[in-house]
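Enquirer: Here the protein sequences come in this chain order: A and B.
Everything in the first sequence is counted per our numbering, starting at 3 for the first residue and increasing by one.
Everything in the second sequence is counted per our numbering, starting at 367 for the first residue and increasing by one.
If you are wondering where the hints come from, they were derived from the structure by calculation, not from laboratory data.
One or more of the hints may lead you astray.
To be verified - Using 25 Å as the maximum straight-line C-alpha spacing, the simulated SDA-like pairs for lysine to any residue come out as follows:
1) A:LYS126 to A:LEU42
2) B:LYS519 to A:ALA46
3) A:LYS126 to B:ARG396
4) A:LYS126 to A:LEU113
5) B:LYS519 to A:LEU42
6) B:LYS519 to A:ASP179
7) A:LYS126 to A:SER205
8) B:LYS519 to A:PRO267
9) A:LYS126 to A:MET239
10) A:LYS126 to B:LEU397
11) A:LYS126 to A:PRO267
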Amino acid sequence: MNYQYIVQRLLSAFVVVLGVTVVVFMIVQIVPGDPARVVLGPYANDEAVQGLRDRLGLNRPVVEQYLSWLGALTQGDFGQSLLNGQEVAPQLWGRIGPSFELALVSLLVGLAIAFPVGIVSALKPGSAVDIASTLFSQIGVSIPSFWMGIMLVIIFSLNYSLLPPSGYTPITEDPGDWFAHIVLPAFTAGFVSASIMTRFIRSAMLDVLSANYVQTARAKGLGERTVVLRHALRNAMINIVTIIGLQINALFSGVVIVEVVFSWPGLGRLALNAVLERDYPLLQGTVLVVAVMFTMVNLLVDLLYFVLDPRIEYA
Amino acid sequence: MQVRRRIVDEELDVANTLWRDAGKRLLRHRLAMFGVCVLFLVIVMGVFGPAITPYDPNGMDFANRFASPSLAHWMGTDDFGRDIFSRIILGARISLQVGLVAVSVATILGTGLGLLAGYGRRFTDEVIMRAMDVLYSIPALLLAIAIVAALGKGINNAMIAIGLVYIPIFARIARAAVLGIRNEEFIIAARALGAGDLRILLWHVLPNVLSPIIVEITLSLAFAILAEAALSFFGLGTQPPDPSWGRMLAEGRDFFRQSGWMAFFPGLAILFTVMGFNFLGDGLRDALDPKLRR
């Protein structure tokens, strides 16, 4: 195993996270005018505005502000919410679980749809299944997920009363109820991911299906199932993992929307509430946590290549 | 001098033929042509908007609140009795405007940075691309929301936010394309003839990286329209009473128990427009780079 690459990759992830802290810090800095005045509104008295400026540290030089903010972050101090004065950190930790659950189940739903559809359409290019899968992919990448969520609620919650329209129950409290609540949001976010992944799985499979070793496997008289699953799919996996990695950005974005539509108590909904209430520390904390989670997942995907393809050498 | 001119003329002929061939391939691409037809309709709606709406898009008619789709109101009316079809026609203008401005911001800044990174020294490349990695490591929509939060709600800031979010994609594509050709003979020849860096970038490099950028522009327009709809749906983009499709969907959400059409039709408009851009983008990719065709 090439440890030098792993160290290099860890370092670059660290640099990216450091860069993200700069971007997140800049959110308050680019507010036009005085952020304290913007938060408190035009009718707040000067004393209150000055008080908030002091609290946010806006009177100090920018570099000093950043360094002290970063120093606090390293100790897990994300500041206090402007809205309710509570610490931001505990609010964030409470939201990571539900967001992670939703992202994970959505990804699983996406994979469960994309793998069979992608493989079947690669096996029979130009067939009715292939055309249907192309159409499905096109609709999936074009459909606004918030619209799809609303339509699913109208059909499955209002018309047929099969599933709850919104809300969340922790899995530890009642797994059945948790499942009932996660079906619609996970399907909504997963459907969009599935449509993109289907196209890439199809494309990756088409590449390997025409390769010599697959022809050889067929010529040896191996069954189609063995050829596809053991020879073709295994070799296509390296490309597929790359796509799943790239998909995670879209998935995280999708989850933000879906959380709002289904009142799912995750980071996306927290971020939106923070924006609507102009609660900058809460917004900064949320964006930072999501970006760090996202960077870590990408790092994991990169490192997963080693396991999947020992031939790969990293310069 | 004459020899040089002849070489340039021959090169232009080859380039023209390549573009003409790509055009022919695009015309034969059925899905792309379907996309063009849909987009033509949307553009007509966007350009002639107020002149072709059957009703005043913001005109309220309280006697006709929540009217279901009928001959008089093809897509029904909303909670203020406003005609949804007329509002969708006007909404096309907003969607196209946001798409064009946001994607122009992303294309100009992203391509410029990508060209610089690919063509410049290693240090420039590292600085630019690490900055792009940072932007790319924040999920697109969350970054757009954060930028709008800082700049303030409204359509103009939404356009800037969506544009900024897409810069890294263009930068990566342009850089990759430049790296592929920077050591080609025609670049070396241009340099030998005494061309400066800027001239080489604009006259020799840029035309050769255009294909992937054109494809990405089309696909980004689809993303920009979806992103604007999402921002307006959250109340951060277009502000009332302007009829953005995302905003109409958000308004429809409050009443979907009694009048589902308020949310249904704006969503359908978004779906078809985005699909139009995606079909065209795929068609352009197949036409401009037949090797990639599946």
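Enquirer: Next step is simple, just say for each hint if it's right about the structure.
Expert: Right, here's what the structure says about each hint:
For the hint linking LYS126 (chain A) to LEU42 (chain A), the alpha-carbon distance of about 62 Å lies beyond 25 Å, and the restraint is violated. Note on LYS519 (chain B) and ALA46 (chain A): the hinted pairing holds, with a Cα-Cα distance of about 20 Å set against a maximum of 25 Å. About 20 Å separates the Cα atoms of LYS126 (chain A) and ARG396 (chain B), which keeps this hinted pair within 25 Å; it holds. Of the supplied pair hints, the one linking LYS126 (chain A) and LEU113 (chain A) holds, its CA atoms being roughly 20 Å apart against a limit of 25 Å.
Using a Cα cut-off of 25 Å, the hinted pair LYS519 (chain B) and LEU42 (chain A) holds, with the two alpha carbons roughly 16 Å apart. Between LYS519 (chain B) and ASP179 (chain A), the direct Cα distance comes to roughly 37 Å. Violation of the 25 Å bound is thereby established for this hinted pair. Using a Cα cut-off of 25 Å, the hinted pair LYS126 (chain A) and SER205 (chain A) holds, with the two alpha carbons roughly 12 Å apart. Straight-line distance between C-alpha atoms of LYS519 (chain B) and PRO267 (chain A) comes to about 23 Å, which keeps the hinted pair within the 25 Å bound.
For the hint linking LYS126 (chain A) to MET239 (chain A), the alpha-carbon distance of about 19 Å falls within 25 Å, and the restraint holds. Between LYS126 (chain A) and LEU397 (chain B) the alpha-carbon distance is near 20 Å, which keeps this suggested pair within the 25 Å criterion. Only pairs whose Cα atoms come within 25 Å are accepted, and LYS126 (chain A) paired with PRO267 (chain A) is rejected, the gap being roughly 43 Å.
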